[in-house]
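2 protein chains.
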Amino acid sequence: MARVVVDVMLKPEILDPQGQAVANALPRLGVSDVSSVRIGRRIEIEFAGEPDLDTAREIADKLLANPVIEDFSIRVDEPAGDAARMSA
Amino acid sequence: MARVVVDVMLKPEILDPQGQAVANALPRLGVSDVSSVRIGRRIEIEFAGEPDLDTAREIADKLLANPVIEDFSIRVDEPAGDAARMSA
Chain A
1 MARVVVDVML KPEILDPQGQ AVANALPRLG VSDVSSVRIG RRIEIEFAGE
51 PDLDTAREIA DKLLANPVIE DFSIRVDEPA GDAARMSA
Chain B
1 MARVVVDVML KPEILDPQGQ AVANALPRLG VSDVSSVRIG RRIEIEFAGE
51 PDLDTAREIA DKLLANPVIE DFSIRVDEPA GDAARMSA
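Residue numbers (full-length UniProt numbering), protein chains in the order written: chain A, 1 to 88; chain B, 1 to 88.
No lab work stands behind these hints: they were computed from the structure. Remember, predicted model here, so these are calculated numbers, not experimental data. Every residue gets a Cβ at the ideal spot worked out from N, C-alpha and C, and that includes glycine. Among the clues, some could well be false.
Interface residues of chain A toward chain B, partial, derived using beta-carbon atoms under 10 Å [unchecked claim]:
#  : residue
1  : 8
2  : 9
3  : 14
4  : 25
5  : 30
6  : 31
7  : 33
8  : 37
9  : 40
10 : 45
11 : 46
12 : 48
13 : 58
14 : 64
Listed below are the simulated DMTMM-like cross-link pairs for lysine to aspartate or glutamate, each with C-alpha atoms no more than 20 Å apart in a straight line [what the hints assert, rightly or not]:
#  : chain 1 : residue 1 : chain 2 : residue 2
15 : A       : 62        : A       : 46
16 : A       : 11        : B       : 44
17 : B       : 11        : A       : 46
18 : A       : 62        : A       : 44
19 : A       : 11        : A       : 61
20 : A       : 11        : B       : 78
21 : B       : 62        : B       : 44
22 : B       : 11        : A       : 44
23 : B       : 62        : B       : 46
24 : A       : 11        : B       : 61
25 : A       : 11        : A       : 70
26 : B       : 11        : B       : 70
27 : A       : 62        : B       : 33
28 : A       : 11        : B       : 77
29 : A       : 11        : A       : 71
30 : B       : 11        : A       : 77
31 : A       : 62        : A       : 78
32 : B       : 62        : B       : 78
33 : B       : 11        : B       : 61
34 : B       : 11        : B       : 52
35 : B       : 62        : A       : 33
All chains should be modelled from the sequences, with the hints used to inform the complete structure.
In structure tokens:
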């Protein structure tokens, strides 16, 4: 089982009110050194066999991203390195 | 300027109707070797100075994720390696 990850983010020139709302809430947490917050989508596609980046790109292009306002990037998921998965 | 990325995904035991809807649409694209699609959020936090993982964890815990149904992971963003950023 192999996983391809598609990250979909608003293009830099598109306003992100959701991220702005989070950024505006940070001073209440005592956080002052954050310059911006942008919120997008992460899609995990599990392939039954070998991961197929071309298929993933077609899925992203046709089903996952709106190319007018969003960019996407595609990668085969590697095992977590310095990432810390938090489970509550 | 340094960026921390927070990935928020539904816990594995939580149903993901949005991902299921994408998975159900795949046969129409001629894609049959995808076993599951899960859709979560990717949040990019730009720090004015050094990236601070502890601060990012506090932001994720208090503002970005719902710990009842979601897990999150935090990492400092590295320059894209095998990822291909698509811009339409």
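Inset, instruction - May I ask which of the numbered hints given earlier this structure violates, with the numbers listed in increasing order? - result: Hint check: 3, 24, 31, 32, 34 fail, others pass.
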